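> Take the sequences, apply the hints, and build the full model.
What follows is the residue order along each chain.
Protein chains: 2
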Amino acid sequence: MKNEGSEKALQQVQDKAKLVRKWCLVSTTAANSGHATSCLSAADIATVLFDTYFSYDIKNPRNITNDRFVLSKGHASPLFYTLFAMAGGLPMEELKTLRKFGSNLQGHPMPDFKFTDVATGSLGQGLSAGAGFALLAKKENLAFKTFVLMGDSEMAEGSVWEAANFASYYKLNNLIAIVDVNRLGQSQETMYGHHLDEYVRRLSSCDFEVLAIDGHNYEEIDKALSLAVNNKSDRPFAIVAQTFKGRGVSFLENKDNWHGKPLSKDDLQKALKELGEVDDELRFELRSPRSAVAHPSTIESDARRSSVARGPVSSFPPASAPSKYSVRAVGSPSSAATPHYKIGDEVATRQVYGEVLAELGNSNPDVYALDAEVKNSTFSELFQKAHPQRFVECFIAEQNMVGVALGLSKLGKKPFASSFACFLTRAFDQIRMSVLSGGNIAFCGSHAGVSIGEDGPSQMGLEDIAMFGALPGTIIMQPADAVTTAKVLPLLADYNGISYLRTLRPKTKVIYNSSEKFTIGGSKILKQSKNDILTISATGITVFEALKAYEELKKESIFVRVVDCYSVKPVDEETLKKCLSETKKNTIITVEDHFAHGGLGDFVLSAVSQTGAKVEKMAVEQIMRSGTGDELLDAAGISSRNIIAKVKSLLK
Amino acid sequence: MKNEGSEKALQQVQDKAKLVRKWCLVSTTAANSGHATSCLSAADIATVLFDTYFSYDIKNPRNITNDRFVLSKGHASPLFYTLFAMAGGLPMEELKTLRKFGSNLQGHPMPDFKFTDVATGSLGQGLSAGAGFALLAKKENLAFKTFVLMGDSEMAEGSVWEAANFASYYKLNNLIAIVDVNRLGQSQETMYGHHLDEYVRRLSSCDFEVLAIDGHNYEEIDKALSLAVNNKSDRPFAIVAQTFKGRGVSFLENKDNWHGKPLSKDDLQKALKELGEVDDELRFELRSPRSAVAHPSTIESDARRSSVARGPVSSFPPASAPSKYSVRAVGSPSSAATPHYKIGDEVATRQVYGEVLAELGNSNPDVYALDAEVKNSTFSELFQKAHPQRFVECFIAEQNMVGVALGLSKLGKKPFASSFACFLTRAFDQIRMSVLSGGNIAFCGSHAGVSIGEDGPSQMGLEDIAMFGALPGTIIMQPADAVTTAKVLPLLADYNGISYLRTLRPKTKVIYNSSEKFTIGGSKILKQSKNDILTISATGITVFEALKAYEELKKESIFVRVVDCYSVKPVDEETLKKCLSETKKNTIITVEDHFAHGGLGDFVLSAVSQTGAKVEKMAVEQIMRSGTGDELLDAAGISSRNIIAKVKSLLK
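Line by line, the protein sequences are chains A and B. For the first sequence, position 212 (counting from the first letter as 1) is numbered 212 according to this note's numbering, and the numbering increases by one without interruption. For the second sequence, position 184 (counting from the first letter as 1) is numbered 184 according to this note's numbering, and the numbering increases by one without interruption.
Simulated from the structure, these hints should not be mistaken for laboratory data. Any given hint might turn out to be false.
For identical chains, the list gives no copy identity; a pair is met inside one copy or between any two copies.
What the hints assert, rightly or not - Mimicking DSS-like on lysine-lysine, the simulated pairs with C-alpha atoms at most 30 angstroms apart in a straight line are:
(1) K614 <-> K527
(2) K265 <-> K507
(3) K614 <-> K524
(4) K652 <-> K585
(5) K261 <-> K507
(6) K96 <-> K507
All values derive from a computational prediction rather than experimental measurement.
Right under this line is the structure:
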C-alpha cells in the first residue's frame, strides 16, 4: 500500500476491516454470547493478513502448500469464521449460526469447521502447533508460512515460551507470531498492559526477530507482515501489536468488563451506526499458495498485493511433497514388525519400542519420532539413529512436544511422542486438545509404575492410564513382553487418533511366540483349566506376578485363570465375560501397577458391570517410595504374594 | 573470603566441597544407582551456600524464619542429603542408605526427609514453589531467603518461565535462582550448552538481576551469593553458573553418558584417590535464621562468614509470624459457613464458592486464594475484594499457580486455587507433585461439564474427576446447589491434603435446607420409597436431571431412588450398598457430566464391585460441541429424557 501511495487501496482495506468488525458483532449478538471485543482488537491485522499476505487455496484447505493460520486466541473465533467467510469459504449468512447447536461455527474453533487446523480455546497452545507446521515445511522444503495469532494474556503460559525457544532453536524463520496486545485480560489488565517492550524484550531474548507496531495502523501492519513474510534471517518472526480491545466502537474500546460479552440488539445497532456505511459485498481474494506463485512477476501484476518488495519464493526449493495430504498415512502393520525375540529372552519393552519404531520408520516415510530429552531411556534414540531427519528432539518441554506432534499430525504425518509416563502428565491439557483437534499421535510413556524401583515416586507413572483413558476415542496398550510390544506398535501406527503405549523400565521375559496375533481390544488367556475358580486380569509387569501366583496356587491345587490385558482400552470385554462364565466364583481380580482409580480395574469393572460379576481391584493405593522393583511391587500390594493372599481370602 | 585474603578459609571451603563430593560418590555407589555427576557440578556452589549464606535452624526445619533451599534439580538428591548431613541434620553414615527401601533418602527428595520442603524430581517446578515461599515472606515480613538450585536442562520447561515472570511481577527480590549450567542433559547437550548468555538474556528479559559466574570458582560464587543475599533491587536474583558435570573426577568431568549412573566400586576408589585426602570431620555450621541475627556485629564476629558487606537484616521488619508453623491451620467449619440460601433460589455453585471463601477468609487468616485470571468466572474475585492481601493473581499460568500454592501450603497456609476445571489439566504434573509433597491445597474447578453450553468443548472440564481421582489421598466434592457448596467448602478447608471442588457455570435451584449436614464421604438420598426398583446416583448438574426423571417416572408409577453423591471421592459406599439392598433390581444407574472413564461411575463401581450389584454408567462418551446446556446434556446422553429411557430399558 505504502509505495503505491494509493489512498483507494487503503480505503478498501479499511472498508474490509469494517465489514469484518460488523460480522464479529452481528454473529456474537445473534449467538447472544461470544468474545466480540477480542475480535475487534485483532480485526485490522487479520484483515491486512487476509487481504494481502495469506496464501491459501480456499477450495482446498488440505492443500499442503497452503499457508497456515492458527488462531491461538481461540475465543476470537467469530473473527476466524468471518475471515474465511469473506475469503469465500462459507456463506456470510452462516456466520449467524455461531455457537448454535449443530453449527460448525462453535464457540472456539473445532475441526468440524474445515479451515481449522487445530482446535484452540485453551490458551498458549497455538505457537507449538504452528511450530510443528513450520518444522514440517522446513523438513519437506515447503514454501508455506505459518501465522499464529496470539493474545497478550496467553503470553503468561509457559508453553508459549517452550514453543518460542523450540522455534528459534530449530531456526523456524517461516513461523510468524502475531501478538495482539490489547491490554485487557478476562478480569483485569494483563501482566504488562500496553508495555510492548516487555513482550519485545522476552521474544528477542528467545532469538525472535521482533517488531513492535501499532496494530490499528494499516501501514505499520502491512510493513510488518511484509518483513515477516520476507524474513531473511534464520530466526522466527514476531509482530507485537499494540491494539485496543473493542476497537472501532466507542463504548467498547479499551473498556473493562466487556470480555466475552456480546452486544445487546440495541447496542449492536448503535455500534453498527458508529462503524458507518459498509459495502457488504467486499470479499478477500486470497493469494494463491506459495508453491504455485513462484514467479515474482505474477505478484507484481496483481493489484491486490502490496508493492513492498517480496523476496522470490525460489529461496525455498520447490515443494517435493504431494499437494494434498491424507491424514492417515502409515503403512500396513505387516510390513513393520517381524519380532525376532524368543520365548525366555529378557528384553525391556521400552527397548523394543525403539527397535520397532525404527523399523516402522523404514517402511513408512511419514513416521516421525519426538522425545523430551529422555531418548536413551525411552529408546526413541534408536529411531533417531535410523532416521535422524525425522527425529525431533524437544528437550524437557513436554507441552510443546505434544503441540509440535499435533502440528505434524495435522499435515499428514504420524508422530510418536515419548517421555517417561509420569512426565506426560505435564501435557495433559495439550493431549486433551489433541483429541479435540482430531490429532493422530501415538504416545509412549516409559518407566510406568512402581517397578522402576530406586528413582522413587516422582518418576513413577501411576496415573497415566487414568489420564489417557478419560479422553474419548483413545487407545491404551500395555505390553508385558517384547513380542507384544513389537506386534501392537504397528497397530498404534495405523490407528488414526490418539493412542498410548505404556512401556516398562525392567527387562521382562518373552512369553509369546512371534507368530501370536494381537489386536486393539484383544487379550491373551495365558493359563486356564476346567477347574478355574476365578480369573486374574493383569497387564504389563503384573502379568508376571499373576503367572507366579498361578504356579504357587497350582501346587496347592488351586486353579486360576490368567488373562493378559495388553489392550487396556478398549479392554477385551468378550473374553472377560467368557472367563466369568467359565470360572466358579463369577469373580475377576484385576492387578495393575497403576493407582487404583482410573486404571485397568475400572475398565474391567465397566466392561462387566452389567453382569453382576464381582471384581476385586488390586492396584497401588498410596504414594510409594524408593526400593527395588520387587520390594515395591510387594509393598504396593500387587506382587504374586499379594495375589495369592487375595485369592485365598476369596476362597474362605 | 576475598577480603579476608585468607587462603586458609578458601582451603577449608575447598576441603568441605571435597567431602561433599566424596559422599555424593560414596552414597550413589552404595545405592548402585543415582545421579552422581549431576551432584558434582553443583557441589562447589552448594558448599559455599551452606558454608556461608544458608541461614537455618537445623534442629527445627519448620522454623518459619529458616531460609529455604529448594532442590529443583531433584535428581541431585545425594548432594541435598549430604549438605544437610554435614550441617548436622542426620548422621553421615545414613547417607549410605540412599535409595534403599525404607530409607528416607529416596531417589529424589520426598517429605519424609525432614529437610525437604517440596518433593522434586519432575523438573522445572522448584522455582514456582520457591516463588510461593518468597511471596509469603513478603506478605508476612519474614526475612528469610529462598534459594532454588536448578539444572540447565529444566530451563526448557515453560513452568520455569511462568515462575520467572511471576517472581518479577511480584518483585520477589528475596528469591535467588541458581542455575547449574553443566551443559549436559540426560541424553545430549542442552539447548544452549555452555552459552551462559542465552540464560542471562532470557532471565534478564524477565526482569531478574542476573550474574553469570564460573560455578567452580569460590571467589565468584561467594561474591555472587553475597550480592544475591544483599539484593537491594526490587527484582529477583539469578546466578547463572558455568559448571562441569562430574567436576572433580577426571574420567567423569564433562563426559557424555554418565547421566544417572553411579560409579562401580573400583571406579569409586579411583575417584576418591583423585579427590585426595579429605578431612572426614569437616561440617557446616549453619548461620542462624535471619530474624535471629538481625545485628550486623554478630555477623562480623563470626569467622565462618564472608566479610563481603552484608546489608543489615533490619531492612526487613522483624518477623510477625510465629516462629513455628503448623501445617494444618484452618479454623473449624462451623465458624465459616452460615448459608442464607433458600430452597428454590437459583444460585450458581461457582458464585457460592466465592462468597463462602470470602467468609472463610474472615474467620481464618491463613486462608489464601489464587486464581489464573478467571476470577470473575470462578468468583474468587469475591475473596479478593474481601482480602486483597491474601489473594494472589497468577495470570494465565496454571502450572506456576499450583507451585506457588504448594509453597504457601508448606509454610502453613491454606491456599484455594481456582480456574476453569478444564484448565487445571494444564497443571496435572504440578498437582501430582503437590500430592507427593504432602501439600495442603484446595482446588476449585469451575465450568465443569457440557452444561457450560455455547463456549464449546475446549472449555468443558470433563476429565477433571479422573485426574484428581487417580491421585491417592485426594478428596473430590461436587455440590449440586448453593447450600451444599457452602457446607462442604469448610470441610475442604479443614482437610489437610489435596482436595477438589467442582463447580458449575449455570445457576441451579437450592434443594437443601441450610440446616442439612454434609460430610466428606457423605451423600443425600433425595427420593425414596418402599417400591423403588433401582437407584440413580447423580452428582452436580445431573442431580436435577435425575430429579426430573423421578417426577416423570412417578407419573407412570415407576419408583426410583435418587441419591446426590456430592462427595465423589470418597463416595458414600455405605449408603449405596444400603440402597442396593432396599431396591428391587440390585442396580445403580450413575449419571454424571464427565467423561465415562474415571468419573463418579467408576467410584460407585469400585465401591459396590464386590457385591455382585449391577451398575449402569451414564456419562459423556464423545467430544461435545457448542449449544445450550440443555441441548448438550441431552445430546451427551445424560438428560432426564436419557435417564428415563435407561430406566425403562432396564425394566424390560
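> Quick one: K96 to K507, C-alpha cut-off 30 angstroms, is that within a copy, between copies, both, or neither?
between (59 angstroms within a copy, 27 angstroms between copies)
> At most 30 angstroms between C-alpha atoms: does K614 with K524 qualify within a copy, between copies, both, or neither?
both (21 angstroms within a copy, 26 angstroms between copies)
> When no copy is named, should K614 and K527 be tagged within, between, both, or neither for a Cα gap of at most 30 angstroms?
Classified as both; 20 angstroms inside a copy, 28 angstroms across copies.
> My question is about K652 and K585: at a cut-off of 30 angstroms on alpha-carbon distance, are they close within one copy, between copies, both, or neither?
Classified as both: same-chain Cα gap 12 angstroms, cross-chain 27 angstroms, threshold 30 angstroms.
> Within a copy, between copies, both or neither: which one fits K265 and K507 at a CA-CA cutoff of 30 angstroms?
between (67 angstroms within a copy, 24 angstroms between copies)
> When Cα atoms must be at most 30 angstroms apart, do K261 and K507 count as within-copy, between-copy, both, or neither?
between (57 angstroms within a copy, 18 angstroms between copies)
Figure legend: structure checked against the earlier numbered hints; every hint is met.
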